[in-house]
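These are the residues of each chain, in order.
Protein chains: 2
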Amino acid sequence: MTATSQTKLPMEQLRSILTTACHAVGCNDGNAASLVEATLSAHLLGPPAMGLPHFVDYLEAFKGGRIDGRVTPQVTRPLPAIISVDAKKGIAQAGFDLVFSSLVEQTRKTGLALFTQSNSYTAGELGYYVRRLAAEGFVALAATNGPPLMAVASGGQRVYCTNPLAFAAPGGPLGGQIVIDQASSATAFVKLIKAAAAGEAIPEGWAIDASGAPTTDAAAAVAGALLPFGGARGANIALMVELLAAGLSGANWSLDAGDFRSSDQSPAIGLTIIVLAPPPGFAARAAAQAQRLASLGVHIPGLRSANRLLHDEETTSVDAEALATIQAITAAAGRQTNFSNQRSARS
Amino acid sequence: MTATSQTKLPMEQLRSILTTACHAVGCNDGNAASLVEATLSAHLLGPPAMGLPHFVDYLEAFKGGRIDGRVTPQVTRPLPAIISVDAKKGIAQAGFDLVFSSLVEQTRKTGLALFTQSNSYTAGELGYYVRRLAAEGFVALAATNGPPLMAVASGGQRVYCTNPLAFAAPGGPLGGQIVIDQASSATAFVKLIKAAAAGEAIPEGWAIDASGAPTTDAAAAVAGALLPFGGARGANIALMVELLAAGLSGANWSLDAGDFRSSDQSPAIGLTIIVLAPPPGFAARAAAQAQRLASLGVHIPGLRSANRLLHDEETTSVDAEALATIQAITAAAGRQTNFSNQRSARS
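From first to last, the protein sequence lines are chains F and C. Letter by letter, the first sequence follows residues 1 to 347 in this note's numbering. Letter by letter, the second sequence follows residues 348 to 694 in this note's numbering.
Chain F on its own, in the form it takes in the complex (with noise of 0.2 Å):
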């Protein structure tokens, strides 16, 4: 793996640019408002390349009609404890946003809810939605799909996305949380596209070619499709995530949502969310089993991340490329939006 060079800025700085870059390509304020936030806890707390790097995949997707953004999704009250979104082709985090006080209180008043969302773009860094409620101190459990990425089995073809299921709880030592953010899959599709550009092999049991045969060549991992962590097992996860992210909102299933990076619409894929209000003294006590087993040599998840809140960052250090990148679609798109406009003022 290279490394990626950093460079250091103000967060207040860093929100701008990402702000400016989301009004470049056609997003409203709320839109821009929501993708922005979501893209700085990523930075801040979730992998690297869910934070600036992805934030490109999100402005290809607004200039490549991916995404729309200038909708408001559309919110029902099936039953009084659901709250379900239609995404109307926009961003994941919008609806997400757009309801969160509702689920909070919800939560509070019944004791657990359910957010369900269909028709967004992919939803991005999962563990961000779970962090969020479990700083509400709520636990909260969920699952997304997207285009598909990995067959189930040598010999298969693609039928789920990586089908990520994210766990987050109050619990951490010092106010933090336990935070749980994996794949269904043996590993992410972006280390298969990494390895392949550095010309490295990859682990066995991580992906198949195209024909379905088992492989340890990236690019032909690339051509193939990943495979599920832990065999059966791992398939069976990836399976109840998909019965819950896309059954249970309504959205496409994996195997009918187009490509987040080529297609020209929306993947229109689901996002489940289970929220539940634990018992009193739940943090406390969580807390002290996770630093007993971490005492233990086990690996408690998301406490690295709950130590970065501890500290107001008052500058960042970002991926530098990342960085140039987005500026650069700015700029190009601030040119089109203002020769759009000459032409409209013209006519």
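With a Cα cut of at most 35 Å, we get these calculated DSBU-like pairs of lysine-lysine:
no. : chain 1 : residue 1 : chain 2 : residue 2
1   : F       : Lys109    : C       : Lys456
2   : F       : Lys109    : C       : Lys435
3   : F       : Lys109    : C       : Lys436
4   : C       : Lys436    : C       : Lys541
5   : F       : Lys89     : F       : Lys194
With the Cβ distance kept under 7 Å, some of the chain C side facing chain F (calculated, not the full set):
no. : residue
6   : Val506
7   : Gln529
8   : Pro626
9   : Gln636
Computed footprint of chain F on chain C; a stretch qualifies when at least three of its residues, placed anywhere within it, have a C-beta under 8 Å from a C-beta of chain F:
no. : region
10  : 418-429
11  : 449-458
Please keep in mind that the hints were generated in silico from the structure rather than gathered at the bench. For clarity, every value in this text was computed on a predicted model and none was experimentally measured. The C-beta atom is built at its ideal place from N, Cα and C for all residues, glycine as well.
With chain F's structure known, arrange chain C on it following the hints.
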């Protein structure tokens, strides 16, 4: 593996044999009915070992003081859609039966409901709970823990039970269900015991020995610990199950639960079930998708079980050895009961 000898008998006769056995070891009518119906369901639809062979564990646990067969679970409703049960050191199935209709009613009313239970004997076949909820038209997710059997890495000590996760949804073809019921461990502990008894080696990755080193020696594995399926991702699933099952319910963490086969105390573990009302048309849409996935070679778990529900089995094939053990325990306990009755009459 050695084949188990089978014998056939009418379902009603099997029900009667199991009920008599429960009564003989000190179980009241309600607890006996709950345990027998769960055992018959596991026998017909679950993994064979979770039917009659596991029922023997229950009988021994009643006798050994690990289950109190005369208690009534205590129900509280901390919030409208949360039903919490203290199993009072009884069986897990009794609390579920006691609140089942409330759980169904609450889910229909608000869209979802949460069942949490603490202080019970190990939950038995976890698929049982979610199958019953899927039969009501719901999507359900269940998590349970138990005495520690699993380390999460080489060199580690046992920190979790097999920590299974079960999921069911209406939507198998022919009115059936999709049912996932799987351990977070690479295999079941009973498979280590069987392999050790047969002097067979176990695959790499299943277990470690007592020193924490990876092993393929089944006897060494029994003295050591199971490992999670799929490495770090499976370990995270086990942690999520632990927080759902023991955290949300307030039950013993796996680390604190006594052995379900040898302690004289209830393991006092947790069981948490999330019940979700799917949107109209879910079952038909899920069934069509399950058939489509199956046509692409994807194994859809639970479908074979669902097919077995299609005919009303008048006679059933049972594990002859387990049946003989159950009858021997019943006879011995019956003699003890008579003897103690005589003593009571004399005093």
